[in-house]
Amino acid sequence: MTDPHVAPHWESSALVTIDMQRDFLSGRPYGLAGTTEIIPSLRSLIDAFRAARRPIVHIVRLYQGDDVDRVRRTLIDGGGELVRPGTDGRLLAPGLLPGEGPDLDDKLLLDGRAQVLGRDEYALFKPRWGAFYRTPLDELLRGHGIDTVVFAGCNLPNCPRASMFGAVERDYRVVLATDAISQASEQGFREVAGIGVVLVPTAEIVARVTTPG
411 MTDPHVAPHW
421 ESSALVTIDM
431 QRDFLSGRPY
441 GLAGTTEIIP
451 SLRSLIDAFR
461 AARRPIVHIV
471 RLYQGDDVDR
481 VRRTLIDGGG
491 ELVRPGTDGR
501 LLAPGLLPGE
511 GPDLDDKLLL
521 DGRAQVLGRD
531 EYALFKPRWG
541 AFYRTPLDEL
551 LRGHGIDTVV
561 FAGCNLPNCP
571 RASMFGAVER
581 DYRVVLATDA
591 ISQASEQGFR
601 EVAGIGVVLV
611 PTAEIVARVT
621 TPG
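Per my numbering, residue 411 is the first one in the sequence shown, and the count goes up by one each step.
Be a bit skeptical, because a hint or two may be false.
Unchecked claim - Here are the in silico distance ranges between beta carbons for each label pair: (1) Q597 with D557: 26 to 32 Å; (2) T620 with P439: 35 to 41 Å; (3) D457 with H419: 39 to 45 Å; (4) K517 with D413: 40 to 46 Å; (5) F599 with R552: 23 to 29 Å.
Calculated directly from the structure, the hints in this document are not laboratory data. For clarity, every value in this text was computed on a predicted model and none was experimentally measured. Note that beta-carbon positions come from the ideal geometry of N, C-alpha and C, so glycine has one too.
Make a model of the complete structure from these sequences and hints.
Structure representation (structure tokens):
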């Protein structure tokens with residue numbers, strides 16, 4: 411039985427996707443293995459949250475100027491083409507937005523504002539690993555009455571993990587979609603479970619969001 415202090419409240423949940431951009435897809439020069447492969451599960455989650463009229467926030471990276479993680483500054487300074495503003499690679503992976511979806515508004519995002527992509531659906535730029543660091547994510551979620559955040563997306567050891575720690579630190583109930591996250595491992599799952607993250611497969615999340623009662 412899940413601890414009642416961490417158990418998800420599906421009726422007040424939001425989905426947060428992390429770095430599901432084309433440059434990070436499997437097979438790209440700087441891509442992460444397994445990221446393209448989770449798109450079907452991620453689409454199921456997105457469809458369920460849209461159908462339930464629950465908020466969705468797509469967190470993205472944009473590398474411009476010198477405001478870059480130290481570990482990637484040499485790459486970017488050397489001309490590395492990775493999620494640069496204006497490039498095709500910084501767009502969300504195909505199929506994650508309804509229809510063709512709007513282009514990302516780089517200036518709006520780099521200014522630290524949320525871009526509306528659809529009904530209760532947004533994009534936010536994060537300048538570092540964690541989705542809450544120097545972003546309006548907490549304010550956006552609280553404004554929608556959210557107390558439970560479901561995470562999915564690219565590269566569990568880095569940005570999703572940092573984002574989940576940020577969510578736990580802000581007293582959100584946190585869920586990880588175990589089959590909609592790339593670079594996952596049993597060790598990674600144990601570590602995030604140890605801070606109160608609830609591990610749930612996509613099919614169960616879809617069922618609970620669709621019929622939260």
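| said: A range of 35 to 41 Å was offered for this pair. Does it hold for the Cβ distance of T620 and P439? | reply: holds (38 Å)
| Whether the CB-CB distance between D457 and H419 falls inside 39 to 45 Å | The hinted range 39 to 45 Å is violated for D457 and H419, with Cβ atoms some 21 Å apart.
| query | Do the Cβ positions of K517 and D413 conform to the proposed distance bound of 40 to 46 Å? | reply | holds (43 Å)
| Distance restraint evaluation - F599, R552, Cβ atoms, bounds 23 to 29 Å | holds (28 Å)
| task | Go ahead and decide if the range 26 to 32 Å is satisfied by the Cβ distance of Q597 to D557. | result | Given a distance of about 28 Å, which is inside 26 to 32 Å, the answer is holds.
Comparing the model with each earlier hint shows a violation of hint 3 alone; every other hint is respected.
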